[in-house]
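*Asks:* Residue strings, one per chain:
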Amino acid sequence: MKVLVTAKRVVDYNVNIRVLNDNSGVDLNNVKMSVNPFDEIAIEEAVRLREADKVEEVIVVSVGASACQEQIRTALALGADRGILVETEEDMQPLAVAKLLNAIVDKEKPELIILGKQAIDGDNSQTGQMLAALAGIAQATFASQIELKDEVATVTREIDGGLETISVKLPAVITTDLRLNEPRYASLPNIMKAKKKPIDIFTPTDLGINVEPRVKTLKVEPPAERQAGIIVETVEELVDKLRNDVKVIP
Amino acid sequence: MKGIPELKNTRKIVHSSLKFIQEKCSNNGAFDALSLDDHQYAVYTLALSFSELEAAKSFAEYAKSSSDFEKCLASCFIAEVVHSINTRLLSSPKDFGAGDWSLATTSFVSEQLSSDNLSKIGKEIIAKNGHIEAMDLTDNQKLIKRTFGQFADEVVAPIAQDIHRFNMSIPEKVLKEVGGLGCFGLSIPQRYGGLLRDDNEDSLGMILVTEELSRVSLGGAGSLITRPEIVARALLMGGTEQQKRYWLPKIASGEKLCAIAITEPDYGSDVASVQLKATPVSKGWILNGSKTWSTFAGRAHVLLTLARTESDKSLGHKGLSLFIVEKPSFIDEDFEVKQSSGGCLSGKAIPTVGYRGMHSYQLFFDDFFIPETNIIGEKEGAGKGFYFTMRGFTGGRIQTAARACGLIQASLNKAIQYTKSREVFSKPVADYQLTQVKLARIAIYLFAARRFTYAVGRLLDKGEGQMEASLVKLFTCRASEWITRDAMQMHGGMGYAEENDMSRYWLDARVLSIFEGTEETLALKVIGRSLIERAGSI
Numbered sequence: 001m002k003v004l005v006t007a008k009r010v011v012d013y014n015v016n017i018r019v020l021n022d023n024s025g026v027d028l029n030n031v032k033m034s035v036n037p038f039d040e041i042a043i044e045e046a047v048r049l050r051e052a053d054k055v056e057e058v059i060v061v062s063v064g065a066s067a068c069q070e071q072i073r074t075a076l077a078l079g080a081d082r083g084i085l086v087e088t089e090e091d092m093q094p095l096a097v098a099k100l101l102n103a104i105v106d107k108e109k110p111e112l113i114i115l116g117k118q119a120i121d122g123d124n125s126q127t128g129q130m131l132a133a134l135a136g137i138a139q140a141t142f143a144s145q146i147e148l149k150d151e152v153a154t155v156t157r158e159i160d161g162g163l164e165t166i167s168v169k170l171p172a173v174i175t176t177d178l179r180l181n182e183p184r185y186a187s188l189p190n191i192m193k194a195k196k197k198p199i200d201i202f203t204p205t206d207l208g209i210n211v212e213p214r215v216k217t218l219k220v221e222p223p224a225e226r227q228a229g230i231i232v233e234t235v236e237e238l239v240d241k242l243r244n245d246v247k248v249i250p
Numbered sequence: 001m002k003g004i005p006e007l008k009n010t011r012k013i014v015h016s017s018l019k020f021i022q023e024k025c026s027n028n029g030a031f032d033a034l035s036l037d038d039h040q041y042a043v044y045t046l047a048l049s050f051s052e053l054e055a056a057k058s059f060a061e062y063a064k065s066s067s068d069f070e071k072c073l074a075s076c077f078i079a080e081v082v083h084s085i086n087t088r089l090l091s092s093p094k095d096f097g098a099g100d101w102s103l104a105t106t107s108f109v110s111e112q113l114s115s116d117n118l119s120k121i122g123k124e125i126i127a128k129n130g131h132i133e134a135m136d137l138t139d140n141q142k143l144i145k146r147t148f149g150q151f152a153d154e155v156v157a158p159i160a161q162d163i164h165r166f167n168m169s170i171p172e173k174v175l176k177e178v179g180g181l182g183c184f185g186l187s188i189p190q191r192y193g194g195l196l197r198d199d200n201e202d203s204l205g206m207i208l209v210t211e212e213l214s215r216v217s218l219g220g221a222g223s224l225i226t227r228p229e230i231v232a233r234a235l236l237m238g239g240t241e242q243q244k245r246y247w248l249p250k251i252a253s254g255e256k257l258c259a260i261a262i263t264e265p266d267y268g269s270d271v272a273s274v275q276l277k278a279t280p281v282s283k284g285w286i287l288n289g290s291k292t293w294s295t296f297a298g299r300a301h302v303l304l305t306l307a308r309t310e311s312d313k314s315l316g317h318k319g320l321s322l323f324i325v326e327k328p329s330f331i332d333e334d335f336e337v338k339q340s341s342g343g344c345l346s347g348k349a350i351p352t353v354g355y356r357g358m359h360s361y362q363l364f365f366d367d368f369f370i371p372e373t374n375i376i377g378e379k380e381g382a383g384k385g386f387y388f389t390m391r392g393f394t395g396g397r398i399q400t401a402a403r404a405c406g407l408i409q410a411s412l413n414k415a416i417q418y419t420k421s422r423e424v425f426s427k428p429v430a431d432y433q434l435t436q437v438k439l440a441r442i443a444i445y446l447f448a449a450r451r452f453t454y455a456v457g458r459l460l461d462k463g464e465g466q467m468e469a470s471l472v473k474l475f476t477c478r479a480s481e482w483i484t485r486d487a488m489q490m491h492g493g494m495g496y497a498e499e500n501d502m503s504r505y506w507l508d509a510r511v512l513s514i515f516e517g518t519e520e521t522l523a524l525k526v527i528g529r530s531l532i533e534r535a536g537s538i
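Which chain is which? The protein sequence lines are A and B, in order.
The letter at position 106 of the first sequence is residue 106 when you use my numbering, and the numbering goes up by one with no holes.
The letter at position 275 of the second sequence is residue 275 when you use my numbering, and the numbering goes up by one with no holes.
Heads up, a few of these hints could be off.
Here are the simulated EDC-like cross-link-like pairs (lysine to aspartate or glutamate), alpha carbons at most 16 Å apart as the crow flies [unchecked claim]: (1) A:195 / B:139; (2) B:142 / A:12; (3) A:193 / B:533.
Keep in mind the hints are simulated off the structure, nothing from the lab.
The model shown is predicted, which means the values in this text are computed figures rather than measured ones.
Could you build the full structure based on these sequences and the hints that come with them?
*Replies:* Next up, the structure:
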């Protein structure tokens with residue numbers, strides 16, 4: 001069985017995000033970039049499945065500029081077997097990424113596709129669902145547990161009300177939630193070995209996909225700074241403030 | 001970036017001072033090294049100045065192809081170096097020769113070192129939370145840095161302060177994980193079970209791992225790979241093929257932990273005078289005497305021990321050989337190993353103010369038997385121990401520079417974090433000019449120290465840079481001292497509290513200029529002497 005996983009290049013979660021002065025985007029100069037943490041969980045899950053002999057090959061895909069090879073190498077060091085980069089300088093949006101991934105799925109025919117439930121930059125949480133629809137296969141999103149048996153994946157999902165367990169027929173798309181696993185650290189020997197693993201590079205044109213953005217970014221602004229709070233003495237005062245000052249209750 | 005005339009002028013001032021001292025130390029046209037001791041202050045000052053010049057050179061080189069902000073940091077560092085060297089050397093013609101004051105132009109310097117410029121840099125570094133991703137690392141190197149950064153933050157940082165406060169020994173779990181990630185094999189070629197490619201050296205991996213681990217704990221993790229580094233270098237240079245095949249894979253895997261036993265109660269920097277006596281007996285040697293400051297000797301399975309194998313004392317450093325002393329691992333601060341032949345090796349940890357986690361031991365050898373296969377190089381290695389030790393030390397010095405970089409980064413991060421959240425007179429400390437200027441200076445030195453360390457690492461990979469390893473150690477370790485001091489100062493009382501990591505950084509920084517070659521020995525004996533000897537030709 002083949003598994004396809006994703007490794008999106010995002011600003012590291014530790015970095016203090018700063019908006020550019022002209023409001024055109026965020027500052028990426030000298031900024032540490034990482035694999036989207038949810039994707040890291042997807043990679044770890046796939047590698048564990050291979051270590052448990054349930055899977056033969058783990059393929060990692062990234063979409064974006066040539067620098068995304070860094071994130072593919074990270075996934076290879078964590079245990080993925082080979083990489084695919086769809087190289088484009090375009091501003092990539094979920095539908096375009098889903099279409100590109102669908103084209104890769106067509107080529108590679110993986111039985112399982114595991115993606116992060118969302119990326120920590122855009123927080124869209126759309127790509128996995130779109131991919132499942134485009135490929136016409138099942139989806140199990142927000143997974144906190146995955147079991148594979150006889151062409152069926154039993155997936156525990158984290159939903160608003162608690163946990164839900166569903167079975168989906170393979171091939172299927174699964175997106176990962178935080179509690180699915182704890183990714184390992186890449187060991188130095190594995191980092192060295194990753195250098196030798198192959199990465200294939202395609203362009204959207206090679207795959208016959210139009211990736212032109214559908215949504216135009218007009219302006220990027222930092223969140224408004226939080227104002228200092230006040231301490232109220234009584235419940236009556238609180239209700240009064242909420243009703244008359246902030247006007248959030250009628 | 002290149003061709004800043006002020007930097008060239010300062011280089012001229014340094015060179016004319018070096019020639020001045022060279023002339024003073026010449027006897028009938030020949031250089032007389034002994035008379036250098038009459039000019040210690042000048043030699044020491046020149047060695048420091050030269051280390052700063054070299055740091056400026058590597059920073060300027062890097063900045064040529066870096067971001068605008070890094071260019072800005074580099075210019076400021078160059079101004080700082082130019083200003084401080086000029087002031088030092090031009091102030092006392094009696095010591096440094098009559099320098100040419102006209103070379104000490106200041107318009108570049110005063111622009112760069114103005115509070116306007118510095119506070120602007122400070123604000124930017126605060127906004128970036130002290131994080132600046134280096135632009136000249138390969139994908140693999142970035143991955144190493146990120147992986148070990150994360151490992152350090154998640155596994156080591158939570159226990160780092162307890163290791164210090166309660167003088168604990170590094171937990172087994174940390175040793176296992178550091179070994180499991182492959183850290184002990186960083187300087188060992190692949191054919192001996194390590195990570196180095198057989199066809200080329202790569203110090204940068206070792207530097208990055210050390211830097212990241214030292215950022216959270218100097219004693220609890222950052223110094224773990226110094227000892228295998230030194231042992232591996234010595235073995236690679238002097239060991240027989242059989243010794244390399246036997247020992248290196250065990251060191252690389254972490255199966256055998258290492259310590260170094262060179263320094264003695266009466267001889268520290270003066271390695272050539274070491275007295276521990278090795279007497280030949282049937283099938284081996286017996287060791288008698290004592291060693292001190294042997295860090296990690298308790299936990300170690302292997303002590304790299306320098307001993308005198310020749311009874312003729314006039315042989316000096318040519319009478320020394322290097323032994324691999326095997327012993328069981330002990331977690332306690334006292335240990336004793338008794339041999340059936342009656343030999344004994346005992347150790348006792350010396351309490352220290354910082355650099356805790358590994359414990360530094362005093363060792364006593366009493367008729368302690370060592371098999372003949374455990375002398376490095378066997379018959380060929382007898383009398384060459386001094387040279388093998390020095391090869392190991394070069395590795396230790398570049399490593400120590402990386403340790404200093406880690407400690408400086410930790411102090412910068414901590415100071416930014418604290419000054420942003422702490423309010424004084426109703427605004428955050430970070431919003432004041434003085435804080436911004438101080439943080440800017442720390443950042444400037446951090447990036448200079450890091451650039452210099454990486455540059456020397458690359459030089460060592462080419463088989464060069466023996467003196468540069470001493471220069472970078474001198475520069476980075478000294479910088480870490482005032483930096484941890486300033487960062488602590490920005491914390492006010494909290495920085496002095498034992499529970500705060502900042503107080504540990506300050507204590508730990510002090511050891512850096514003391515171990516792995518004291519500042520004075522490096523400046524006077526290694527750097528100063530060599531600079532003055534070749535003063536005519538540079």
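*Asks:* Against the structure, test the hints numbered earlier, and report the numbers of the ones violated in rising order.
*Replies:* 3
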